[in-house]
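So the sequence lines, in the order shown, correspond to chains A and B.
According to the working numbering, the residues represented by the first sequence are 1 to 245, in order.
According to the working numbering, the residues represented by the second sequence are 1 to 260, in order.
If you're looking for bench data, these hints aren't it; they were derived computationally from the structure.
Treat the hints with care, as some may be off.
So, partial list: chain A residues that the calculated Cβ filter (under 8 Å) puts toward chain B [stated by the list, open to error]: (1) Ile69; (2) Leu77; (3) Gly89; (4) Lys91; (5) Ala92; (6) Lys123.
Ideal Cβ placement from N, Cα and C applies to all residues, glycine included.
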Amino acid sequence: MARLKVENLSFSFGYDTILDNINFEIKEGEVVSIVGPSGGGKTTLLRLCSGLLDRQDGKIENSFETQAIAFQDPRLLPWKNVIDNIAFGLKAMGVSSQEREARAKEIALKFDLEESDFEKFPKELSGGMSQRVSFARALVTKPKLLFLDEPFSALDIGLKRELQDHVMELIADKEITIFFITHDIMEAIRLSDKILLLAPDPGRIVKIFEFDVPQSQRDDEYVYTQTAKLLSDREIIETFELEFK
Amino acid sequence: MKSLLKILRDFPAYLWSGWGAIASIFLFIAAWDIGNQVYGDMILPSPLETFHTLATLFKDPDFTQGLMITLRRAMVGFGISLVVGTALGLLAGFFVTASIVSRPIVTILMGMPPIAWIVLAMIWFGMGDATVEFTVIVASLPIVFVGALQGTRTLEDKFEEMADIFKVPLMMKFFDIYLPHIFSYVFPAWVAALGMAWKIVVMAELLATSDGLGADLAMARSQLDTASALAIVVAMVGLLMVAEYIFLEPIKREVEKWRD
Ligand SMILES: Nc1ncnc2c1ncn2[C@@H]1O[C@H](COP(=O)(O)OP(=O)(O)O)[C@@H](O)[C@H]1O
Ligand SMILES: [Mg+2]
Numbered sequence: 001m002a003r004l005k006v007e008n009l010s011f012s013f014g015y016d017t018i019l020d021n022i023n024f025e026i027k028e029g030e031v032v033s034i035v036g037p038s039g040g041g042k043t044t045l046l047r048l049c050s051g052l053l054d055r056q057d058g059k060i061e062n063s064f065e066t067q068a069i070a071f072q073d074p075r076l077l078p079w080k081n082v083i084d085n086i087a088f089g090l091k092a093m094g095v096s097s098q099e100r101e102a103r104a105k106e107i108a109l110k111f112d113l114e115e116s117d118f119e120k121f122p123k124e125l126s127g128g129m130s131q132r133v134s135f136a137r138a139l140v141t142k143p144k145l146l147f148l149d150e151p152f153s154a155l156d157i158g159l160k161r162e163l164q165d166h167v168m169e170l171i172a173d174k175e176i177t178i179f180f181i182t183h184d185i186m187e188a189i190r191l192s193d194k195i196l197l198l199a200p201d202p203g204r205i206v207k208i209f210e211f212d213v214p215q216s217q218r219d220d221e222y223v224y225t226q227t228a229k230l231l232s233d234r235e236i237i238e239t240f241e242l243e244f245k
Numbered sequence: 001m002k003s004l005l006k007i008l009r010d011f012p013a014y015l016w017s018g019w020g021a022i023a024s025i026f027l028f029i030a031a032w033d034i035g036n037q038v039y040g041d042m043i044l045p046s047p048l049e050t051f052h053t054l055a056t057l058f059k060d061p062d063f064t065q066g067l068m069i070t071l072r073r074a075m076v077g078f079g080i081s082l083v084v085g086t087a088l089g090l091l092a093g094f095f096v097t098a099s100i101v102s103r104p105i106v107t108i109l110m111g112m113p114p115i116a117w118i119v120l121a122m123i124w125f126g127m128g129d130a131t132v133e134f135t136v137i138v139a140s141l142p143i144v145f146v147g148a149l150q151g152t153r154t155l156e157d158k159f160e161e162m163a164d165i166f167k168v169p170l171m172m173k174f175f176d177i178y179l180p181h182i183f184s185y186v187f188p189a190w191v192a193a194l195g196m197a198w199k200i201v202v203m204a205e206l207l208a209t210s211d212g213l214g215a216d217l218a219m220a221r222s223q224l225d226t227a228s229a230l231a232i233v234v235a236m237v238g239l240l241m242v243a244e245y246i247f248l249e250p251i252k253r254e255v256e257k258w259r260d
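Bound conformation, chain A alone:
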C-alpha cells in the first residue's frame, strides 16, 4: 500500500519558522484535508510533500507512483488554449495527440466548460474557469496522489458542489488519494476522512478530526451537524480567531 508519511517535519524560510514538527500519514484511498488560516504554511507543506521544495528537517515518505497538483494560482500556460492546457500533463506522459484531445474534451465538458471555451486562451477565462481547467489538468492524468490547493475557492456554490460530487465519485471507487487544502470547513467535512488543523506561527498541527461515516453516506444533515460541532471546537475557534457573541 502506497502512503505519504510525514515525520517530525520542520521547515523555515530564512529565519522564519514556517512549519514546526509536523506529523501525519495519508494512506492509499484516503482524503486528508488541511485547514487553517492563510499564511499558516499549508501551501509550503504541500510543496514539501510533493517534492517541489527540499526538505530541511524530518522525514517524508511518499511512495505513490504518480502525482499531480492543482495549484492555488491556476498556473495555466498563457500561450495554450483551454484544451491544450488540460492536455499538458498527458502530453508529458507521451499520450498521442488525438487521445489527449479526446480525454481533455471529455473532462472539460464534465467540469461544465463549454465547447465554445475550448479554444480560449487563459486571459479570456474567469477565475472560476481557470480553476476548473487547472483541476482538470491535474485530474485527467489519473494520478494516484492528487494535491489540491484551495481548488474551489473562486467557484460559486453550485459549481463547487458539482465538482465536490465529482471528487466523491472518485473516492467512492478508491481510485485516488487526496491531499486537500481548503479553508472551507464544510467542504472538508463533506470530503475528508481526516481533517488536520494547522495553526500558524509557526505552522503546527494542533488537532486531527476523523470521520468514520463513508463520504457517500454523508447527507446534508450530517455535514451541517459536524460543521456546527467543529465550529464550536475550542482549538478551531482559537486557530481561526473566531469570536462568537
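Dock chain B with the ligands against chain A, hints included.
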C-alpha cells in the same frame, strides 16, 4: 506548422483590416500633393512625378543592381545580428552575472549615435561592404540582444514547478514553456532590429560606398535631382512597409495572440 497554417488562414481577414491603413496612406499622399502645389516641383515633386520616376528607376538595371546590393548588405548585417544577438542574449539571460555585466555595455552600444560608428568603421575598414555591414550590426545587434535577454530573465518559476510536477521531458519543456515566452520577447526585437538595419544601411552607404541605394541617394543630392531622391526614399519606405505589413505583422499577431 500548425501556426503557419493559422497565419495563412487569418491572412484575408488581416488584409481586410488594412483598409484603414490604406486610407491613411492616401490621405498622406494628398497632403504631399498640396505641398507640391505650394512649394513647386524643385522643392517637392508631386506624388505622380515621383512614382513616375520610381517606375523608370525600376527599369534601369543600374538601379535594381544597387537595390540588390543594399538588400544584401542589410540582410547580411541583420542576419548576423539576429543569430549572434539572440544567442548571446539567451546565454546572458541564463546567467545572472552575465546579464548584470552586459547591461552597461548594451547601454553604451545603444547610446552611441550610428554616425559615430560609421566614422570609426570608415577608419577601420575603409570604404565598402565591411563598413556598412559593421555599422548595421552594431546598431541592430543590441536590440536583439536586449529582447532575448529580457525574454530569458522573465521566465517564471511557477511554470517550471508545474512542469516538474508533470514530469515534463526537457525537450517539451523547451518547446512548450521556454520558447513561447522567449519568442514573444525576441520576435518584436527582431522586427525593430530589421527596421533599424534598413535605415542604417542606407545612411552608411550614403557616406561610405559608391554603390547601393544610399550612394544613389548621394548622387541624386549632388545633382539636385529631387524627383530621383524622393523616388529612392519611396522605394526604401515601400520595401520596409511590405516586409512589415505583409510578412512580419501577421506572424506577430499569431505569436502574441495569447498576450493580455
Ligand atoms: N518562497 C517563499 N519565500 C519566503 N517565504 C515564503 C515563501 N513562500 C511562502 N512564504 C511564507 O511562508 C508562510 C506560509 O505561506 P503559505 O505556505 O503560502 O501559507 P498558506 O498556504 O497557508 O496560506 C507565509 O508567511 C509566507 O509569507
Ligand atoms: Mg496557500
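- Message: Are any of the numbered hints broken by this structure? If so, which, sorted upward?
- Response: Those not satisfied: there are none.
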